[in-house]
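> Below are the chains, spelled out letter by letter.
There are 2 protein chains.
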Amino acid sequence: MEIEKFLEIAAKLKSVRRQGWVERGVRAPESSADHSWMVAVMALTLPFDGNRDKAVKMALLHDLAEAEVGDIITKENWPKEGRMHEKEKVAREREAMKEMLSGLDKNMAKELVSLWGEFSEGKTKEAVFVRDIDVAERLMQAHRYHRDGNFSKPLEGFWDEKAMGTIKSESIKTLVKRIIGEGQ
Amino acid sequence: MEIEKFLEIAAKLKSVRRQGWVERGVRAPESSADHSWMVAVMALTLPFDGNRDKAVKMALLHDLAEAEVGDIITKENWPKEGRMHEKEKVAREREAMKEMLSGLDKNMAKELVSLWGEFSEGKTKEAVFVRDIDVAERLMQAHRYHRDGNFSKPLEGFWDEKAMGTIKSESIKTLVKRIIGEGQ
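Same order as they appear, the protein sequences are chains R and E.
First residue of the first sequence: 1, per the numbering used here; consecutive thereafter.
First residue of the second sequence: 1, per the numbering used here; consecutive thereafter.
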């Protein structure tokens, strides 16, 4: 695969509609690229004592595989007949990432696949930070659609106790609670 | 301004429709956040011998002011009655950036305003690189809409000689020509 091909596939992320919104009847829902941009801006600006440049790159790429495989909701995230298991989704995304990035310089491709793998495993400081932001950004956007009445199925589940509990950082949790509290 | 306020304003970039597409009757045009994400991905992956981390941050932020002031087409870019001059647009954007970023840590705000200023001036290696990509990404997206028949006013002007001439890097120009050539 060449770099032109990589760019053409990556650009598709601008047209991937976030499935969580689609399934709840949100009109003109944001794209996965919209969400990824906002996660990257948060990774750039929220207080953080790790490697920020690394976190920003991880944020930019965290949903890139969706340009190839789409935005898949897993059984673990929202149980429903016919959904894929988280493990299978990650395997598919890993293949897609490897394939997509093969048009880039070898070292670059290796670095980016490894960054994405680190995010998926969620063990390092940067991965925990970006995964927290990934959830926080989703909650904040759910709350905006809710506030604007832009939904046909309820969105409150996005910021219930269980959802908030998946955010590990207390300061990010507090920030999200402040934002959601204000708008209600 | 507090960080919550900054995040709420920044998130608006996901809903700012790119005015160049709107004025040419493109259906469901991409947002400025979509475009910014793609510019950042290109800044991360295209060959570059400058400070890549800096270029990626610059790319992420280059249109952030539009979350506050909207996507303004200037007289210089597309002459038409009532359009603003480039100089006035940049001044407005600078004010918006300063205001928006004032909720962040002082040093962070200073760094980001300065990064954005560097982009606007277009003199450093990183600024030239990101400005080239900004144009290249626009041409490539114009070409996709053209290919898909998604327009009511012609889009060819986006990749004519004059437009291509604004890209300074020969390798980026060649890449864009290869991509556009393939799709025609």
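Source of the hints: derived by calculation from the structure; they are not laboratory data.
Since this is a predicted model, take the numbers as computed values, not measurements.
Among the clues, some could well be false.
Same chains, same names: a pair is fine if it fits in one copy or spans any two.
Subject to a maximum C-alpha distance of 30 Å in a straight line, what follows is the list of computed DSS-like cross-link-like pairs (lysine-lysine) [unchecked claim]: (1) K123 - K54; (2) K153 - K98; (3) K125 - K106; (4) K75 - K89; (5) K153 - K123; (6) K168 - K54; (7) K80 - K125; (8) K106 - K153; (9) K153 - K80; (10) K177 - K80.
> Quick one: K75 to K89, C-alpha cut-off 30 Å, is that within a copy, between copies, both, or neither?
The answer is within: 10 Å in one copy meets 30 Å, while 48 Å across copies does not.
> Please work out whether the CA atoms of K125 and K106 approach to 30 Å or closer within one copy, between two copies, in both situations, or in neither?
Intra 26 Å, inter 24 Å, cutoff 30 Å: intra and inter.
> Is the C-alpha distance from K168 to K54 at most 30 Å within one copy, between copies, in both cases, or in neither?
both (19 Å within a copy, 28 Å between copies)
> Is it within, between, both or neither when you check K106 against K153 at 30 Å Cα-Cα?
Cα proximity of K106 and K153: none, with 45 Å in one copy and 41 Å across.
> Indicate which option fits the pair K153, K98 if close means a Cα-Cα distance not exceeding 30 Å: within, between, both or neither.
This pair counts as neither: shortest intra-copy Cα distance 36 Å, inter-copy 39 Å.
> Up to 30 Å between alpha-carbons, please classify K153 paired with K80: within, between, both or neither.
Classified as within; 15 Å inside a copy, 44 Å across copies.
> Could you place K177 and K80 in one of the four classes (within, between, both, neither) given a Cα distance threshold of 30 Å?
Cα proximity of K177 and K80: one copy only (29 Å, versus 46 Å across).
> My question is about K80 and K125: at a cut-off of 30 Å on alpha-carbon distance, are they close within one copy, between copies, both, or neither?
Answer is neither; intra-copy 33 Å and inter-copy 51 Å both fail.
> When no copy is specified for K123 and K54, does a C-alpha distance of 30 Å or less occur within a copy, between copies, both, or neither?
both (14 Å within a copy, 26 Å between copies)
> Cα distance capped at 30 Å. Does K153 pair with K123 within a copy, between copies, both, or neither?
neither (34 Å within a copy, 50 Å between copies)
Taken one by one, the earlier hints fail for this structure at numbers 2, 5, 7 and 8, listed in ascending order.
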